[in-house]
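Novice: Sequence order for the protein chains is A and B.
Using our numbering, the final residue of the first sequence is 244, and nothing's skipped along the way.
Using our numbering, the final residue of the second sequence is 755, and nothing's skipped along the way.
These are computed hints drawn from the structure, not numbers from a lab.
We put the CB at the ideal spot given by N, CA and C, even for glycine.
Some hints here could point you the wrong way.
No more than 20 Å apart at the CA atoms, straight line, and that leaves these computed lysine to aspartate or glutamate pairs for EDC-like [stated by the list, open to error]:
id : chain 1 : residue 1 : chain 2 : residue 2
1  : A       : LYS195    : B       : GLU737
2  : A       : LYS195    : B       : GLU733
3  : A       : LYS203    : A       : ASP124
4  : B       : LYS745    : A       : GLU61
5  : A       : LYS203    : B       : GLU712
6  : A       : LYS203    : B       : ASP744
7  : B       : LYS414    : B       : GLU712
8  : B       : LYS386    : B       : ASP370
9  : A       : LYS203    : B       : GLU739
10 : B       : LYS730    : A       : GLU144
Pulled from the structure, derived: some chain B residues nowhere near chain A, Cβ distances all over 12 Å [stated by the list, open to error]:
id : residue
11 : HIS475
12 : HIS706
13 : PRO725
14 : ALA726
15 : ILE736
16 : ARG749
Here are some chain A residues pointing at chain B (derived, C-beta under 7 Å) [as the list claims (entries may be wrong)]:
id : residue
17 : ALA57
18 : ASP200
19 : THR209
20 : LEU215
21 : SER217
22 : THR226
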Amino acid sequence: KTSIHGFSPMPKKKSTGKPKPKPKGKAAKRTSSSSRSSPAKQVKRSDLDTSFDRWKAKGIEDGAADDQDTLQGGAFIALCEDLDIDVEDVALLVLAWKLQACHMQFTREDWSRVTTLGVSTVSDLKGQMDGLRRQLEQESTFTEVYNWVYHFARERPECKILDLETAVGYWQLLLKGRWNLLDEWCNWIQTEWKKAVTADVWKQLLVFTRLKGGLKSYDPCGSWPTVVDEFVEWHEAKQAKDAK
Amino acid sequence: MSSNTSTFAFSSSGLAPDRATAIWGALRKAIQLVFDGRASSLRFEELYRSSYSLVLHKHGAMLYDGTVALITEQLKKVSRVVVAAPKETLLDVVVNEWNNHKVVMVMIRDILMYMDKTYCKQEKKVPVYDMGLLLFQNHVVRNGSVSIKLRSVLLENIFNERHGEIVDRVLLKNCLSMLVDVAVYNHKVYQQVFEEEFLKHTRNFYAQESQDFISRNTVPDYLVKVEKRLQEEEQRAAAYLDKTTHAKLKAVLHEELIAKYAERLVADERSGAVPMFQADSIANMRRMYALFSRVPSTLDCLRASLGALVRETGTNIVRDQENVKNPTLFVQQVLDCRAKFHSFVVQSFNEDRSFARTLKDGLEHFINLDSRAAQYLSLYIDEMLKKGLKGITEDEVELRLGNVMSIFRYLQDKDVFEDFYKQHLAGRLLSGQSASADVEKAMIAKLKAECGHQFTSRLEGMFKDMELSKQVMEHFTKWKGQLVQSSSSTLSSIVSTVTMSNRDAVAAAKATADTELNVTVLTTGFWPIPVVPDCVLPQPAEQCAKMFADFYMNRHSGRRLTWQTNLGTAELRCKFARGRKELVVHTYQMCILMMYNKGDKFTFAELRDATNIPDAELQRHLLSLAHPKIKVLRKTPNTKSIADDHTFAYNMKYTSKLFRVKIRLLSAAAAKVEPKKVPASVIEARKNRVEASIVRVMKSRKTLDHSNLVAEVLKQLTSRFTVKPAFIKKRIESLIEREYLERDKDDRRQYNYLA
């Protein structure tokens with residue numbers, strides 16, 4: 001089973017609790033971000049930098065293109081291993097949002113923003129994972145992360161819309177437990193509507209899940225996207241049918 | 001006041017009681033004389049002064065009470081007379097006594113006027129005249145059986161009059177006004193004694209009469225009777241009923257005669273509203289409308305009946321199978337339907353607005369039942385213009401166009417009509433079938449006046465194209481002619497306008513000298529013509545085409561010419577065994593036939609490859625040529641279907657009575673226009689128009705909420721076509737995606753314009 005990120009996860013290794021040994025001898029690559037750092041942190045920063053290199057190498061091993069200075073594909077698997085999180089953990093998405101990363105990749109520039117979390121090593125970052133998860137409990141943060149996922153999930157920058165399968169995967173990931181109609185929505189949109197998802201639809205869906213009063217207070221003449229209108233119509237028809 | 005020699009001397013200090021009594025006694029006698037009708041022997045002044053002095057000396061009470069007693073006595077006598085009167089003369093007697101009494105009372109009032117003005121006022125007593133009336137009321141009218149008898153006589157009279165007998169109206173009037181006056185100008189007595197019963201009586205009378213009549217007569221007859229009865233009653237009321245009764249009587253009549261039966265009258269199957277409409281009984285309907293107007297609520301069911309009938313008639317027209325095949329018939333029937341009901345509205349319903357609107361709604365309903373109406377309307381004009389306008393006067397033409405426009409106004413989806421009209425017009429122009437350019441232009445002018453110039457800009461463009469093409473052809477022919485006849489000295493000046501070398505130009509011109517070419521240049525946006533792949537033209541045609549293309553491109557650089565090989569005709573001179581013939585054929589057929597300059601027989605596959613004509617068209621054209629009735633080509637095997645290996649041979653033995661033969665083309669399988677659906681091309685056009693409208697609105701408003709935006713857009717488009725709000729919503733979404741609009745960050749119902 002391929003994960004929503006579109007690559008097959010490596011078998012999950014049990015967390016041993018020991019931090020990965022810092023590779024010695026690898027010179028820290030001088031990047032624009034590290035040149036901005038204060039001298040005191042320079043040495044420690046290289047841990048994050050070198051980890052980035054390591055993961056990138058793993059990614060290239062797995063088949064990613066090697067012409068860009070980014071983490072993609074298999075690199076994420078390595079990243080998640082080091083952070084001791086599942087590939088499908090929402091914490092990863094929160095991290096992506098914090099890093100302002102798009103198109104299913106972490107550029108080195110994105111990665112340099114990891115310091116805003118107040119970490120200097122990978123093990124620090126690992127300890128932050130719980131904190132990241134908990135940030136989603138705040139409604140406004142959740143909204144921002146949710147909206148950001150649309151940018152992150154579109155693999156090709158030139159493609160302005162998100163393909164349906166990926167969208168459904170992320171909806172399942174983000175909205176599980178937060179919306180009672182999630183499964184119905186995912187089913188319906190894949191079997192009946194079958195088109196790709198625009199940014200507007202993505203954003204409006206979250207608003208829709210938070211609609212107070214549920215479907216009864218839904219206004220079909222309101223400014224909801226037509227896909228939502230059709231979903232509500234279908235849902236009502238189904239309920240009428242089930243009631244019989 | 002000066003005293004004079006009179007027997008009634010008085011002193012200023014007062015009147016002795018016995019003096020007063022004496023005076024009163026004298027007065028009493030005088031009054032009695034008045035009662036007896038012997039007032040002429042009395043002297044008014046004396047009497048007046050007597051009463052004056054009595055009142056002055058504070059004997060007003062005696063005077064007043066005494067008078068009252070007197071009158072009462074008198075009236076008791078009167079009432080005995082009245083009671084004793086038999087029915088036949090009761091009214092006479094009563095009125096007589098009443099008149100007498102009034103006269104008496106006037107006299108008494110005059111005599112006692114001073115008392116009225118001073119004593120009565122001070123003591124707040126009823127003035128003497130009015131008192132007299134009240135007394136009459138109490139002692140005569142209300143005397144036991146008098147009122148009852150009176151009532152019954154009155155009602156009997158009225159009953160008889162209603163049955164056509166003549167009664168003494170003056171008498172009745174006087175009697176009734178007595179009843180009013182007798183209560184000192186209020187109507188209580190009148191109402192109690194007469195009016196209440198009268199109304200009840202009337203109601204019963206007409207309830208009975210109407211029921212009887214209606215069950216035995218037709219609706220129009222009933223209406224006539226009601227009209228008559230109403231007139232009668234109005235006359236009667238004016239003649240002798242008190243004014244206050246008029247309105248109440250009317251109410252009763254309207255209810256019993258009209259309101260009660262309104263629905264039944266309208267719904268009556270044999271002679272009700274529907275049969276009246278169908279039989280064009282304008283006068284009857286007018287009467288019905290006039291009567292119903294008296295009770296406005298009854299107009300509702302009449303109006304509903306009109307609406308239902310219009311819809312039913314119209315729906316039948318739309319569904320009629322005959323009309324499906326014959327557009328002219330359809331349009332004519334719709335026009336007739338409209339004219340028929342319109343004349344009712346004008347002549348019977350007095351141009352009542354609500355009725356006019358009901359008619360309009362009904363017409364709109366069935367005309368828009370399916371999009372065939374739009375199509376047929378266009379076909380109607382098409383036929384009219386194709387078949388020619390011989391024998392039809394200009395006025396008649398104007399009338400017909402006007403009729404067409406009146407139906408056009410009822411169309412909801414005007415752009416569907418535009419689409420069809422475009423197609424038909426294109427057909428007419430290109431095949432030269434239009435009988436009169438003037439009429440065409442008149443029609444377009446009318447459409448423009450109705451819908452604005454945007455609607456007709458493309459149609460006008462088509463006309464312009466035709467005219468321009470003619471001019472271009474003239475220049476081309478002249479130019480070509482010059483080339484052919486050119487001498488070398490004039491060559492360079494002519495040829496410099498074209499991008500060919502001198503020699504090529506002349507060669508081309510000479511080579512194509514005996515091929516006549518006629519080109520019509522069409523502007524792509526105006527004409528509803530699909531794009532077709534180029535077919536391979538035979539050599540002479542190809543040369544001509546190239547020549548023209550070069551000529552044209554030079555005059556108008558920056559334009560692109562594409563040959564529409566699916567249109568156009570060619571005239572071929574063909575050699576047959578029995579002589580030459582001229583065949584008028586379609587372009588594709590020309591390509592096919594010219595092949596036979598190179599060989600006698602070809603397979604279908606060969607023809608296809610050589611000419612590059614699309615399959616379906618190739619089949620159609622080949623079959624037309626190989627058709628048993630035509631047989632310019634011989635098909636082996638001689639079946640209707642075509643396979644790749646079927647062969648077509650040139651038929652040298654072809655004959656025809658005519659020298660110039662027009663080869664008829666088998667009609668293409670007509671694109672099935674689903675009657676209910678709007679054609680796809682129109683839907684596409686609508687999408688664009690809606691989007692343009694949304695952008696226009698948003699550009700001017702900068703920010704607007706969803707429901708207002710939808711409302712504005714609908715308003716802008718409603719004159720052209722109707723769409724559902726959901727359609728507009730989809731367009732909004734599309735525009736959001738393309739970043740023409742955005743949702744407001746704070747209010748998700750709000751949209752902002754993105755410049």
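Novice: Are A:THR209 and chain B close enough, Cβ to Cβ, to be under 7 Å, as the hint says?
Specialist: At 13 Å from the nearest chain B Cβ, A:THR209 fails the 7 Å test, so the hint is violated.
Novice: Under the criterion of a CB-CB separation shorter than 7 Å, is A:ALA57 in contact with chain B as hinted?
Specialist: violated, 39 Å
Novice: How about A:ASP200: closest beta carbon in chain B under 7 Å, or not?
Specialist: Interface hint status for A:ASP200: holds (5 Å vs cutoff 7 Å).
Novice: Does the no-contact call for B:PRO725 survive, Cβ to all of chain A over 12 Å?
Specialist: Not fine: 6 Å to the nearest Cβ puts B:PRO725 too close to chain A.
Novice: Checking a non-interface call: every C-beta of chain A should be farther than 12 Å from the C-beta of B:ILE736. Is that right?
Specialist: It is violated; B:ILE736 is separated from chain A by about 5 Å at its closest Cβ, not greater than 12 Å.
Novice: Hint A:LEU215 vs chain B: min CB-CB distance below 7 Å?
Specialist: It is violated, given that the least Cβ distance between A:LEU215 and chain B is near 17 Å, above 7 Å.
Novice: Taking 12 Å as the cut and beta carbons as the points, is B:HIS706 off the interface with chain A?
Specialist: violated, 3 Å
Novice: Quickly compare the C-alpha distance for B:LYS730 and A:GLU144 to 20 Å and report which way the hint goes.
Specialist: Given that 20 Å is the threshold and the Cα spacing comes to 26 Å, the pair is violated.
Novice: Was the hint right that A:SER217 lines chain B, CB cutoff 7 Å?
Specialist: Violated. Min distance 14 Å.
Novice: Regarding the pair A:LYS203 and B:ASP744, is the alpha-carbon distance no greater than 20 Å?
Specialist: Distance of about 12 Å is within 20 Å: holds.
Novice: Should the label of B:HIS475 as a non-interface residue stand, given a Cβ cut-off of 12 Å to chain A?
Specialist: Consistent with the label, B:HIS475 stays out of reach of chain A, its closest Cβ about 50 Å off (over 12 Å).
Novice: Taken at face value, is the distance from the CA of B:GLU733 to the CA of A:LYS195 at most 20 Å?
Specialist: holds, 14 Å
When the structure is compared with the earlier hints, violations turn up for hints 3, 4, 5, 8, 10, 12, 13, 14, 15, 16, 17, 19, 20, 21 and for no others.
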